[in-house]
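Please take these sequences and the hints and turn them into a complete structure.
Once you know that position 299 of the sequence shown is 299 in the UniProt record's numbering, the rest is easy, because the numbers rise by one and skip nothing.
Everything labelled a hint here was simulated from the structure, so no lab data went into it.
No false leads were mixed into what you were given.
Once the Cα atoms are required to be at most 30 Å apart in a straight line, the calculated DSSO-like pairs of lysine-lysine come out as:
(1) Lys173 <-> Lys231
(2) Lys56 <-> Lys130
(3) Lys159 <-> Lys254
(4) Lys299 <-> Lys82
(5) Lys299 <-> Lys79
(6) Lys56 <-> Lys82
(7) Lys82 <-> Lys23
(8) Lys23 <-> Lys50
Label-pair distances were calculated between CB atoms; the ranges are:
(9) Lys56 <-> Leu97: 20 to 28 Å
(10) Tyr253 <-> Met277: 25 to 33 Å
(11) Gly91 <-> Thr16: 16 to 24 Å
(12) Lys344 <-> Arg104: 36 to 44 Å
(13) Tyr253 <-> Thr206: 35 to 43 Å
Remember, predicted model here, so these are calculated numbers, not experimental data.
Beta carbons: idealized from backbone N, C-alpha and C, even for Gly.
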Amino acid sequence: MLVQKVNVVGFRNISTVAIETDKNVNVFFGENGSGKTSLLESLFFLSRAKSFRTNKRGGLINIEGDYLAVAVSLEQESKLHKLGLDLDKTGKSRLKLNGDILNRLSEGSRLFPVQLITPESFDVFFGSPKARRSFLDFGLFHVEHEYQNLWSNFQKAQKQINVLLRANKGNTKELLFWYRGLIEAAKKVEFYRQRFVTELLQVELTELVDTLSNDSRTSLLESLTLNYKTKVFDGEVESDNDILRQIEKDIRYKQVGFGPSKADLQFVQNGTDMTSMLSRGQSKMLFYLLEVAIVKLVKRVANKNMLLLVDDLPSEVDEVTRDTMLRLLMQSGAQIFVTGIERKIAKEFMKHTNSVNVFHVEHGTIKPENMEQLCP
1 MLVQKVNVVG
11 FRNISTVAIE
21 TDKNVNVFFG
31 ENGSGKTSLL
41 ESLFFLSRAK
51 SFRTNKRGGL
61 INIEGDYLAV
71 AVSLEQESKL
81 HKLGLDLDKT
91 GKSRLKLNGD
101 ILNRLSEGSR
111 LFPVQLITPE
121 SFDVFFGSPK
131 ARRSFLDFGL
141 FHVEHEYQNL
151 WSNFQKAQKQ
161 INVLLRANKG
171 NTKELLFWYR
181 GLIEAAKKVE
191 FYRQRFVTEL
201 LQVELTELVD
211 TLSNDSRTSL
221 LESLTLNYKT
231 KVFDGEVESD
241 NDILRQIEKD
251 IRYKQVGFGP
261 SKADLQFVQN
271 GTDMTSMLSR
281 GQSKMLFYLL
291 EVAIVKLVKR
301 VANKNMLLLV
311 DDLPSEVDEV
321 TRDTMLRLLM
331 QSGAQIFVTG
341 IERKIAKEFM
351 KHTNSVNVFH
361 VEHGTIKPEN
371 MEQLCP
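Shown next, in the form of structure tokens:
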């Protein structure tokens, strides 16, 4: 169990909500525009300090209010915590843990790991190398304590170099100094990513695929392997001339042309990258497998409870595929918040667990449903 209570004030069309979510599965149903997705968005905002729907944080505040606040009571590492985040119209925000203001967002994110599945997730993930890199970095952030600092060091060096390249400033000697540090930082990041993919994620994914039934929906996934494709210097840089050649290239394009920010996660079968060749149904199934694999990894390696947000459980898939997705979600061991138009989602989950809460969402108001009446 992770989240026990949720309190939301002034988030989009939600004025005030206070609910107990002390079950493994929490189902929120209601018409489109009722506020279901806004609730999931508020929890994502608490974990990441950003929305998954917009880059403009000010638009998250209810038009009739001056601020928003999201808070949860949660259990992590066998301890109870209260985590909250607010935001006012000036853009000022505060993150508080057990009454104390936190100076770093990462302190809250480590305590409240959240992953998200939306109808758009599949297209974004398989269409964007950046989304696939972010997926890997999320897992590494929670299972490798050193990774955040290593990634931050690389980003700082890359940002400084890009400023020099775009402004056409900085002599060769200065750029050479920055590139030496950038290459070393890139190698460390790539080492952790490569090890994460081959030694952790691939193993977890293979074990999950083995639990699936062998049919047309999953047979291709059984033979897929993960490949971390990198664009970084191979081996040791023998001389400054190797670096200078790279600098000449980057000057032409006015940005760093190698490193972790150019890497990608591929899905390979017999040496062929299948990333863009999977059917839509296969892509969705693979995405669910990857999300569940990450959740299981964080639980097994870091011993952390996780929250999995599922906005609009796929309705266009056939009954067998939908049931397989439900079983995968339950295998994750995560607490699940799931939305849908109909309350029957709760009955589907009840086939796999008795730990289900149901809430009706209407005009930004969220009310618990009586489970005995729903599932007599």
